[in-house]
Amino acid sequence: MHIVYRDKEWFVEQAMTVNQMLKHLKLLPESVLVVRNGRLVAEDQKVQPGDEVKIVSVVSGG
Amino acid sequence: MRCRRCENPGAINMRQHKLSLCDVHYPEWFLEQTQRAIKKYAMFTHAERVLVAVSGGKDSLALWDVLLKLGYQADGLYIDLGIDRDTAYSACSREKAAAFAAQYPTARLMIVDICQLYGENIIQVAQRRHRPQRPCSICGLIKRHEMNRMALEGGYDVLATGHNLDDEAATLFGNVLHWQADYLRHQFPVLPADGQGLARKVKPFCRFYERETAAYTLIQGIDYIEDECPYAVGATSLAHKATLTQMEHDSPGAKMHFYTNFLKAKEAGLFAADETTPELHPCPQCGQPTSAPDLCNFCRLWEPIANGNDTTTEIEMMSAD
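Chains as they are written, first to last, in our numbering: chain A, 1 to 62; chain B, 1 to 321.
Any given hint could turn out to be false.
[As the list claims (entries may be wrong)] Some chain B residues near chain A, calculated using beta-carbon distances under 7 Å: (1) Gly10; (2) Asn13; (3) Asp23; (4) Val24; (5) His25; (6) Gly57; (7) Leu68; (8) Asp167; (9) Lys241.
[Stated by the list, open to error] Below are the DSSO-like pairs computed for lysine-lysine, each with C-alpha atoms no more than 27 Å apart in a straight line: (10) A:Lys8 <-> A:Lys23; (11) A:Lys26 <-> B:Lys18; (12) B:Lys264 <-> B:Lys18; (13) B:Lys69 <-> B:Lys266; (14) B:Lys39 <-> B:Lys266; (15) A:Lys26 <-> A:Lys54; (16) B:Lys18 <-> A:Lys46; (17) B:Lys69 <-> B:Lys39; (18) B:Lys18 <-> A:Lys54; (19) A:Lys23 <-> A:Lys46; (20) A:Lys8 <-> A:Lys54; (21) A:Lys23 <-> B:Lys69.
[To be verified] Residues on chain B that point at chain A, a partial pick, calculated with CB under 8 Å: (22) Arg211; (23) Ser237; (24) His249.
Simulated from the structure, these hints should not be mistaken for lab results. It should be emphasised that the depicted structure is a prediction, and the values quoted were computed from it without experimental measurement. Glycine included, each C-beta is placed from N, C-alpha and C at the ideal position.
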């Protein structure tokens, strides 16, 4: 699967839950949302090879 | 986690509410909760005209979208501050606001271009005032002044901003760290009009986590500017948000309880009424209320600097909103 977060990207060939993916990337689920193939998905759902995954930071302000 | 309303897979799980919803039922819930907050704090009615301050970001565009869907008379106001710093930040956010407005035949977007109106963008003002590294306080001052001016000139009953619970909790956290009693006294989802030229201000999203407003915009397909203002890097409020988010991770609901219990404490009379409120008078130049002896801080921004000293006062610039 292809994962994009801000200006970074990763290619991963292993199925896992969204939670596991975020843990690998050291991201808190409270600070991001995950869009899989164009649809928002919760942390217990799976991402797998072939998926296009976008991680969206939810923090704004300054 | 299944959607509580239909058993389909959840699109978002809100641990603080023990609630999971799918992408069909989440927007419904979001509209219901917004309406509930508007009613709970008596923010405005369908008979009143609302001016929504839109930045092109997720919160303000989501707010405008929700108010229109709920049938409110909501117009948008975009303030072009002229921020670029190699990112075309203002140009890009302005485009997002305009593109959103174009999708709603009834939506009216007003644009205030600071550079066109006053001859300088905020970065140029900050440089002239010898504050090139700190345009944020000047930015806040200009936005507050212009939002209030446009609300009053346009005959709007209320000015609505997209502040969410994370914004409010971070502000509260900062104010508590420094025991800014005056700011604590004034932090609330509704600030009433003062009858002397300050418009009523409301924050209908103050009970939503930032993550929830982002989820709404993503599900609804609202195109917003994801990049942060290039001058926000290293901002204290972002550090406070990060601290609170870590606390939220360790203890779901921490942010919500921190903020909503503060509101409850205020309603129960924890904070005494401000007896030291300075007397306000209309600024001789712009007419907006000010406690400064002559021109208000906004008007003084555009005055030449005498002896290289900036005479705008820090207190007014650092106001919580």
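Restraint satisfaction for glycine 57 (chain B) [CB to CB of chain A, less than 7 Å]: Since chain A brings a Cβ to about 6 Å from glycine 57 (chain B), closer than 7 Å, the hint holds.
Between lysine 264 (chain B) and lysine 18 (chain B), is the straight-line Cα distance small enough, at 27 Å or below? holds (22 Å)
Closer than 8 Å between Cβ atoms is the bar; does serine 237 (chain B) clear it against chain A? Give me holds or violated. holds (6 Å)
If you draw a straight line from the CA of lysine 23 (chain A) to the CA of lysine 69 (chain B), is it 27 Å or shorter? violated (37 Å)
Given pair status - lysine 46 (chain A), lysine 23 (chain A), alpha carbons within 27 Å: Given pair lysine 23 (chain A), lysine 46 (chain A) holds - Cα atoms ~14 Å apart, limit 27 Å.
Is the straight-line distance between the alpha-carbon of lysine 69 (chain B) and that of lysine 266 (chain B) 27 Å or less? violated (31 Å)
Next pair to validate is lysine 39 (chain B) with lysine 266 (chain B); report whether the Cα-Cα distance is within 27 Å. holds (18 Å)
Please work out if lysine 26 (chain A) and lysine 54 (chain A) have their alpha carbons no farther apart than 27 Å. Holds: lysine 26 (chain A) and lysine 54 (chain A) sit about 15 Å apart, inside 27 Å.
Hint consistency between lysine 8 (chain A) and lysine 54 (chain A) [alpha-carbon to alpha-carbon, up to 27 Å]: The given pair, whose Cα atoms are some 10 Å apart, holds under the 27 Å limit.
Taken at face value, is the distance from the CA of lysine 46 (chain A) to the CA of lysine 18 (chain B) at most 27 Å? Cα-Cα ~20 Å, so holds.
With chain A as the partner, please determine if aspartate 23 (chain B) meets the hint condition of a C-beta pair closer than 7 Å. Check passed: Cβ of aspartate 23 (chain B) comes within 6 Å of chain A, closer than 7 Å.
Quick one, is the lysine 241 (chain B) hint okay against chain A at 7 Å, beta carbons? holds (6 Å)
Hint compliance for this structure: hints 4, 5, 7, 13 and 21 are not met, and every other hint is.
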